[in-house]
Amino acid sequence: GEDVEQSLFLSVREGDSSVINCTYTDSSSTYLYWYKQEPGAGLQLLTYIFSNMDMKQDQRLTVLLNKKDKHLSLRIADTQTGDSAIYFCAESLGSSASKIIFGSGTRLSIRP
Amino acid sequence: GAVVSQHPSRVICKSGTSVKIECRSLDFQATTMFWYRQFPKQSLMLMATSNEGSKATYEQGVEKDKFLINHASLTLSTLTVTSAHPEDSSFYICSARSQRDNQPQHFGDGTRLSIL
Numbered sequence: 001g002e003d004v005e006q007s008l009f010l011s012v013r014e015g016d017s018s019v020i021n022c023t024y025t026d027s028s029s030t031y032l033y034w035y036k037q038e039p040g041a042g043l044q045l046l047t048y049i050f051s052n053m054d055m056k057q058d059q060r061l062t063v064l065l066n067k068k069d070k071h072l073s074l075r076i077a078d079t080q081t082g083d084s085a086i087y088f089c090a091e092s093l094g095s096s097a098s099k100i101i102f103g104s105g106t107r108l109s110i111r112p
Numbered sequence: 113g114a115v116v117s118q119h120p121s122r123v124i125c126k127s128g129t130s131v132k133i134e135c136r137s138l139d140f141q142a143t144t145m146f147w148y149r150q151f152p153k154q155s156l157m158l159m160a161t162s163n164e165g166s167k168a169t170y171e172q173g174v175e176k177d178k179f180l181i182n183h184a185s186l187t188l189s190t191l192t193v194t195s196a197h198p199e200d201s202s203f204y205i206c207s208a209r210s211q212r213d214n215q216p217q218h219f220g221d222g223t224r225l226s227i228l
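These protein sequences, in sequence, are chains A and B. For the first sequence, the positions run 1 to 112 when this note's numbering is used. For the second sequence, the positions run 113 to 228 when this note's numbering is used.
If you are wondering where the hints come from, they were derived from the structure by calculation, not from laboratory data. Just so you know, not all the hints are guaranteed correct.
Okay, the calculated bits of chain A under chain B, using three or more residues with CB under 8 Å as the criterion [claimed, not checked]:
{"no.": "1", "stretch": "35-47"}
{"no.": "2", "stretch": "99-112"}
Taking lysine-lysine and the DSS-like style, the derived pairs with C-alpha atoms no more than 30 Å apart in a straight line are [to be verified]:
{"no.": "3", "chain 1": "A", "residue 1": "K68", "chain 2": "A", "residue 2": "K56"}
{"no.": "4", "chain 1": "A", "residue 1": "K56", "chain 2": "B", "residue 2": "K153"}
{"no.": "5", "chain 1": "B", "residue 1": "K153", "chain 2": "A", "residue 2": "K67"}
{"no.": "6", "chain 1": "A", "residue 1": "K56", "chain 2": "A", "residue 2": "K36"}
{"no.": "7", "chain 1": "A", "residue 1": "K36", "chain 2": "B", "residue 2": "K132"}
{"no.": "8", "chain 1": "A", "residue 1": "K99", "chain 2": "B", "residue 2": "K178"}
{"no.": "9", "chain 1": "A", "residue 1": "K56", "chain 2": "A", "residue 2": "K67"}
{"no.": "10", "chain 1": "A", "residue 1": "K99", "chain 2": "A", "residue 2": "K36"}
{"no.": "11", "chain 1": "A", "residue 1": "K68", "chain 2": "B", "residue 2": "K167"}
{"no.": "12", "chain 1": "A", "residue 1": "K99", "chain 2": "B", "residue 2": "K126"}
{"no.": "13", "chain 1": "A", "residue 1": "K99", "chain 2": "B", "residue 2": "K153"}
{"no.": "14", "chain 1": "A", "residue 1": "K70", "chain 2": "B", "residue 2": "K153"}
{"no.": "15", "chain 1": "B", "residue 1": "K126", "chain 2": "B", "residue 2": "K167"}
{"no.": "16", "chain 1": "B", "residue 1": "K153", "chain 2": "A", "residue 2": "K36"}
{"no.": "17", "chain 1": "B", "residue 1": "K132", "chain 2": "A", "residue 2": "K99"}
Here chain A is said to cover these stretches of chain B; the calculated rule only asks that three of the stretch's residues, wherever they fall, bring their Cβ under 8 Å from a Cβ of chain A [as the list claims (entries may be wrong)]:
{"no.": "18", "stretch": "150-156"}
{"no.": "19", "stretch": "217-227"}
Even glycine gets a Cβ: it sits at the ideal position worked out from N, Cα and C.
Generate the whole structure from the sequences, applying the supplied hints.
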């Protein structure tokens, strides 16, 4: 079945790198996404990766995809207090890539 | 800027009221929009897929008579929570994807519905 799993909490020191991990089960995933949700707000698309890519970097964000292990990670370099939020891993399925399945979300907290 | 606009952002009303939430794609056409529900400290659960010009497709366990979806144009989908009760209180989020190219879905800012 369709399932996306991620750890619930992550705490890092300001200035360090944050690495949020995610595993998924459906091998037919076409896109994999990382969304950010701040308290009381909607979802902000941070980055996404096609299933035929291994890595994508965008400024402080690096996404790594291990398709064999169905493992996706998001690395945030030089983590700042403004990065505190819930980060959702998600996959879209099928050729039309329309239906999105979300993970449970990882709450990232920043220590001074 | 926002490419998907959701309105209203917050609703507080009495039990038994019907509430309509709008989702608009601002600079693209979307034959398909999606409605999600998020309970506190939980993930988003897909409720239904809204199809322009045809009936919505509901996920298992979602009551179609309770959550009415209308997708009357290529830029507007509405979700009506009929005869809302306190257990319907939740955060409702819509998303839309451009039919033109392979771009990921964009999400609205969500509607927080509180039923007293």
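Using C-beta distances, would you say chain A covers the stretch 217-227 of chain B, given that this needs three or more residues below 8 Å? holds (count 7)
Does B/K153 pair with A/K36 here, judged by a C-alpha cut-off of 30 Å? 14 Å, holds
Need the status of pair B/K153, A/K67: alpha-carbon distance at most 30 Å? 29 Å, holds
Below or equal to 30 Å on CA atoms is what counts here, so check A/K99 against B/K126. Roughly 33 Å separates the two Cα atoms, so the pair is violated.
Straight-line alpha-carbon gap A/K68 to A/K56, limit 30 Å: 17 Å, holds
Given coverage of the stretch 99-112 of chain A by chain B, checked by CB-CB distance under 8 Å (3 or more): Per the Cβ count (7), the hint holds.
Check the hint pairing B/K132 with A/K99 against an upper bound of 30 Å on the C-alpha distance. With a Cα-Cα distance of about 23 Å, the restraint between B/K132 and A/K99 holds, given a limit of 30 Å.
Distance restraint between B/K126 and B/K167, which requires alpha-carbon spacing of 30 Å or less: With Cα atoms ~29 Å apart, B/K126 and B/K167 stay inside 30 Å; holds.
Per-stretch coverage check for the stretch 150-156 of chain B, three Cβ contacts closer than 8 Å to chain A: Check passed, 3 qualifying residues.
So if I understand the rule, the pair passes when the alpha-carbon distance is 30 Å or less; does A/K70 with B/K153 pass? It holds: about 25 Å lies between the C-alpha atoms, which stays within 30 Å.
Holds or violated: are the alpha carbons of A/K99 and B/K178 at most 30 Å from each other? 22 Å, holds
Hint consistency between A/K99 and A/K36 [alpha-carbon to alpha-carbon, up to 30 Å]: 18 Å, holds
Checked against the numbered hints above, the structure breaks hints 11, 12 and satisfies the rest.
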